[in-house]
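Novice: Could you put together the complete structure from these sequences and hints?
Protein sequences, first through last, are from chains P and R. Sequential numbering from 2 applies to the first sequence in the numbering used here. Sequential numbering from 213 applies to the second sequence in the numbering used here.
Just so you know, these hints were derived from the structure itself, not from any lab. Just so you know, not all the hints are guaranteed correct.
[As the list claims (entries may be wrong)] Covered stretches of chain R, as calculated for chain P (at least 3 residues, CB under 8 angstroms):
#1 228 to 242
#2 270 to 282
#3 338 to 351
#4 388 to 402
#5 436 to 447
Quick caveat: nothing in here was measured; it's all calculated off a predicted structure. Beta carbons: idealized from backbone N, C-alpha and C, even for Gly.
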Amino acid sequence: MTLRIEVTAVDTPEASRLLAAADALSVERLHNCAVTRIYNVAGDLSESDVVRLCTELLADPVVDQWRIGGSEPVGRSVEVSVQPGVTDSDARELERAARELGLPEIRVATAVRYDLIGDLTAADVDRLVKRELVNTTIERWSSDALTPEFSTGALAETRVELVDLSGLDDHELMELSRNRVLSLDLAEMQTIRDYFEAAGRSPNDAELETLAQTWSEHCVHKTFRAMIDLTHRRADGTVSVSQHDGLLAALRVVTEELDPWWLRSAFVDDAGIIAFDDINDIAFKVETHNHPSALEPFGGANTGVGGVVRDVIAVSARPIACTDVLCFGPIDLADDRLPAGVLHPRRIRDGVVAGIADYGNKLGLPTVNGSVIYSEGYTGNPLVYCGAVGMLPHGSHPTEARVGDRVVSIGGRVGRDGIHGATFSSAGMDANTGEVVGTAVQIGDPITEKGCMEVVERARDAALYTAITDCGAGGLSSSVGEMGEDLGVEVDLSGVLLKYPGLQPWEIWLSEAQERIVLAVPPHHLPALRDLCQQWDVELTDLGEFTGSHRLVVRHGEVSVVDITMDFLHDGLPRRHMHGEWTDPSPDDGRHVSLTSSLLLEMLAHPDVASNEDIIRRYDHEVRGGTVVRPMVGPRADGPSDAAVIKPLGTADHPAAVVLSNGICPRVGVADPYAMALAAIDEAVRNMVAVGGDPSRVALLDNFCWGDPTKPDRLGSLVRAVQGCVDGARLYKMPFISGKDSLFNEFDGESIPGTLLISAIGLVPDIEHTVTSAGADDGDDVWLVGHSSNDLGGSLVNVMLDLGSTRVPESVTDPLPRYQAVHTAISGGLISAAHDCSEGGLSIAIAEMAIASRRGFDVTAPAGSDDALRALTNEAPGRIVLTAAPSNREKLTSVLGNHAARIGMVGSDPRIRLRFDSDVVEIGIDAAVAAFTGHQDTAL
Amino acid sequence: MSRPPVLIPHASGTNRDHEAAQAVESAGGDPRIIHINSLRNGEAKWSDHAAILLPGGFSYGDSLGAGGRLALELRTWFATELSDAVTAGRPILGICNGFQALVKAGLLPGPLRPTGRSVTLTHNQRGNFECRWVTLGVEPSCRSGWLSAMPDTIVRCPVAHGEGRFTVSDPAVVDEMTDAGLIAFRYLDSGTVATPPTGPAAGRYPANPNGSVADIAGVCDLTGTVVGLMPHPEDHIFDWQRPSGAPGHSGLPLFKAFVEAAK
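Specialist: So this is what it looks like as C-alpha cells:
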C-alpha cells in the first residue's frame, strides 16, 4: 500500500523566501505561495498507524495541517523531489522513527509542492523553477504529482568488467580516458597499458578506476610535483628562463629550514599540526569544494565542510572551529550575462551559505572566520574554501598500521553517490558537466559525521587504533590504498554496508559517499571499538587486513576486483614536465581621479567591503563557548573583525587562545601573482596581529585555486605565486604546515583569476589582551603603522573606477619588527582598537573603525602620494591603524619607534574626516553605517 | 549532597553538552554526559541523578522538526522516569534543542487544553538560523520555585537556532500562561550589548530574535520543576565569553539556582 501524506504549515519560511526571490527575479505576478511537504509512504500501515505517524511525527498540532491523499493545487503547482539515488534524509529519518514507534516497516520518499498563486505566465513559472525551485542535477519536478521512486537501486549480478588495453594506440587510449572520466593524460594511459601488458593480462574496471583516482590531480597533485620550466617576460623586455623542480617541494623546504620548536607535523598528514599548550596540539586544514558547489551549491558546500572536518578528525583531533572563504560572480549579474548551464551567482551564494551553515551548525562547531569576494571571473566557477581546526593531546595521533591490523571503516553507508569526484575536479567544466557527472554531487549527513567525531575521540583516548585516515576523494580506493602503501592490504567489499542494493564492486570501491573514516585496528581492540560504535549509533565494517604483501588486493566475496602492486599504484605515475609562461603587464600609473564623499560611500557599499552580517549570523559562531573575538564587533555588534580568537573548551587553566585569520588578494594577482602571494601572507599576518596574535607563533596554509595548468599562462602565474609563498615564508619566518591546490577551475575554457588563499593560525598569549576594530574612545590618538604607496594596481578603486593602473604597491621588505612592536603594544595594554588596512586602504579602515565604535575620526593621510585618492585608498601592505589614549603616547612612541606615526584623533563629533594635503573628504557616521550595512542606523 | 549529580543526556546530534557540563560544574554540580542509548539499555539510570539538563544541538539532525524525534523518545521510552523526576521535585532544565524536545513531548508547559498541545517552537520569523547575543529577563511572576531563587534577573547570552519562535494555537493561551505563572523568560530590548536593558523587546527584531509571541524566550511547567529556554546561558559563564563592553549578567546564577534546587 502506498499513501500520500500532505502537510501544510500556516506560514513557512520557504514561502517568504520564495516571494522574496520572485521579487528579485522581477516575477511580479507571484502574489502568494503555499508550501506543502509530501511524504509518500509504502508499507502495511493500519489507519491508526497512519494517524500516529501524522500526529506524532509529521505534523505539529499548533502550526501544521495534514491530510491523506493529494489535494487540489491552488494556482500553478510545482512538485519537486530528489532524483533517485540522491540522499533523502527526511525519508530515512521517518523510516527510523516509525521503527521506534513500533510501526510496521515502511519506505518513504518525500517531495515538496509549491502552489504559486497569482496571474503567472508559463514563462514566469519556468523562471521560478529554473532560478529558484529546482536544480536538475539532483532534483526532478512536475506540475502534477510526481510518482514516488522508492527503489533506489536495481539488484544486479556482481560483475567485474575487463578493459582490454593491449595494442591500443594513442588516440584510442585518450578516447578511453575521456569516455570513462578518468582524466588521465597520454603518458599515464601508456604507462598503465604497459604495466598490464607486462603482467600478461587486462586490467578490469576497478583497477583502471583505482589508478585514475590515485593518479588524479586532486589526489596526487601532478602539477605541484612536476618539473616546470618558466619563461618570465619582464616589462623592461628582458626574458628569464628558470627551472622549478617541484612546487610542493619548494614549499616544504622552507618549512624544514624554519623548523620552529612548536611545529609538530607539516604536509605529511591530512592536516598540519602545531603545539598549543603543555598538553594539547592544534590541527588546521583548509580545502576547496568548487566544482560540486557550482553544480549543487548547498550539497557542494555542505560536503565541503564535512570533508575538511574529516581531515581534522583523521589526525586524531577533536574539531573545534570552522572557517570559510567564498568567491562568487557578481550578485546583481544580468541574466543575459549568465552562461548556459550556470546557476546565477545569487543562487550559488545562498545555497553555499545555507550548506556551510547546515553542516557546521549541526556538527556543533563555531564558524568564526572568513571572507567573501565577488568578481565576474568567478561566475562560471565559484570558489568555496572550507577550513577546520581541531585539538588533540600531544603525541596521541598514531600513524603506523602493523601487519595483521584490521582495515575498519566507520560512519556512513555507501551508495552510488559521489562517484568520480576526484577525476571530475581534475578537469574543467562546461554547460554539460552537470549531466555528465551529476553523481559526483552529494548531500551531507552531519549527524553521522558527528558520531564519527565522538567515536574517534574516545577510540583515540583508549588507543584502539594504530592509524587513521578519512575517506574522501576516490573513496575506499584512495583511503585504503594510501593507508596500505607501506604494508599492502587485502580487503573484501562484500561486507560493506550499502544504502541500497545493486552496486557493482568498482562502484563500492570508488564511491565517495560521505562521513566515513578508515582505521587500522589491532584485532584484539576490535570488540571494544564495536561497542563504542554501537553506543554512539555509528556503523562499522571490518573490511580486511594489512598484509605485508606490498600489494593492493580487493575482492568481492570470491571475485577478484583489484590486484596490483603498491609500488605501481603509488610510484608508477610518470612525472610531468611542464612549461609555464608569465609576462609582466606594461607599467601604467592609471588615471587620476579625485576622492569624493560619494565615492567613499560607494566603496563602503561595494560587496567586497560591505557588511557580511547576513551571512555571518547564519553560522553559529558561539557554540563551544570559546569565541573571544567574534566576526562582528562593537557596541552594535556590526563592525567587521580582523581575526577570530578561540579559547578551546577544556583549557581554562591558562590564558592562551588560538587565533585564526586569512589573506586573499586576487585583484593583485591579475597584475603580479608573486606580489599577490606576499600581499596575502601579509594580510593574514596583520589581521592576526591586529587582534593580539603573537607574530613569532604563526603557521600558514596555502590554497591555490587556478585554471588549467596545461595552459602555459595559467601555469606561469601559478609558479610565480608559489615563488611568492616560498619567499614570503622565509621573510615572515612562518612555516607552511599544510596546503592544497585545486586546478582546472575553468568554465568553457575561461579561467578564474588565479586565487591564493593564505590561512594563518597562531596564538594569543593572553585572552585579556585582545583588541578589536571597535574599541576606540573619544580623545584617543590614531596611529598608522607602516608605509603608504602611490600605486593603485590591484586595489578596489582601480577596479571600481576602471583606472587602469598596473603598478601594485611594493611588498613589505622587513615586516617582522613592526608586527612585533604592535604585538608588544597590544599585549602591554596600550592599545584601545586596531584594524588592518586592506580593501579601500586607509579610508575604509578608518570608516570601519568609526562604524564599529560609532565614534568620529579625524585623520590626515601621510604625504608622498600624488593626490587624496591615492593617499587614502592605496592598498599598500603592512599597515595597521591603532587607537590609544593620549596618556600612552610616550610609551607608544618608544614601543612603535619609526614603525608608526600619529595621524589624527578620535572625536565625539560623529563624522569621518579624511585629510590629505589641503583636501578634506568627510561623511557622517550614520551615512557610513547605512552604506556599509545596507540599512539605516537606529538610535543607540 | 555537596555536588549533586546532574544528568546531561546526549542523543545523536546533541552539542553544547560540554558547555552545559562546564556551567553545571562551575555552579557546584557534578555533570554527567550520558548517551541516551545507555539510559535506554539500563547501563545508566535517570533516578541516579539529582537533576536533568537537556542540552542544545540538533538531535537526530532535526529532520522532522527541531527536537521532534527526541520528544518522541522522551514520550515512548522515558515517560515514567521523567514524571518520577517531576514528582520528586528534581529540577529539569531544557536549553534550545532540549527545550524544543520538552515542548514537543508535551512536558512544557504541560497540558493546558484538553484538545492537545497548544504551544510549539517553530521556524524563526525571518526564516533562517540566527546567531546573536540577546538579553533575557526572568519573569517576576514565574511560578518556578527554583528559578525565582536567581539573585540576578537579567541574563545576557547568545541565541543560535532556526526554530525558536514560540507560538500558540490561539492568543488566549498566552494570557492563560501569564496568569498561571508559566512564562519564565522574556527577551528584553537591550539597546546595545554595552548598555543596560530598557524594557521588553516588544516583538522588535533583533532584541526578540525569532518573532516569539509576547517575547517569550522560556517557560516552566505547572509544578515549576521543569524549565526550558531557547537562548544559551551556558555560553556566558566566564567574563571573557561576553562581547567586549557588556557589563555583567552572566548565566551562572541560573545554573547555581538549578544546582541548588538539586541538593
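Novice: Now, for every hint given, state plainly whether the structure supports it.
Specialist: So, going through the hints one by one against the coordinates:
1. Coverage of a stretch by a chain is defined here by at least three residues with a beta carbon nearer than 8 angstroms to that chain's beta carbons; for the stretch 228 to 242 of chain R and chain P the count is 4, and the condition holds.
2. As drawn, the stretch 270 to 282 of chain R meets chain P at 9 residues by the rule of a beta-carbon pair under 8 angstroms; at three or more, the given contact holds.
3. Interface restraint, the stretch 338 to 351 of chain R with chain P: holds (8 residues with C-beta to C-beta distance below 8 angstroms; minimum three).
4. With 0 residues having a Cβ less than 8 angstroms from any Cβ of chain P, the stretch 388 to 402 of chain R misses the three-residue criterion, and the hint is violated.
5. With 3 residues having a beta carbon nearer than 8 angstroms to a beta carbon of chain P, the stretch 436 to 447 of chain R meets the requirement of three or more and the stated coverage holds.
In summary, the structure is inconsistent with hint 4 from the numbered list given earlier, while agreeing with all the others.
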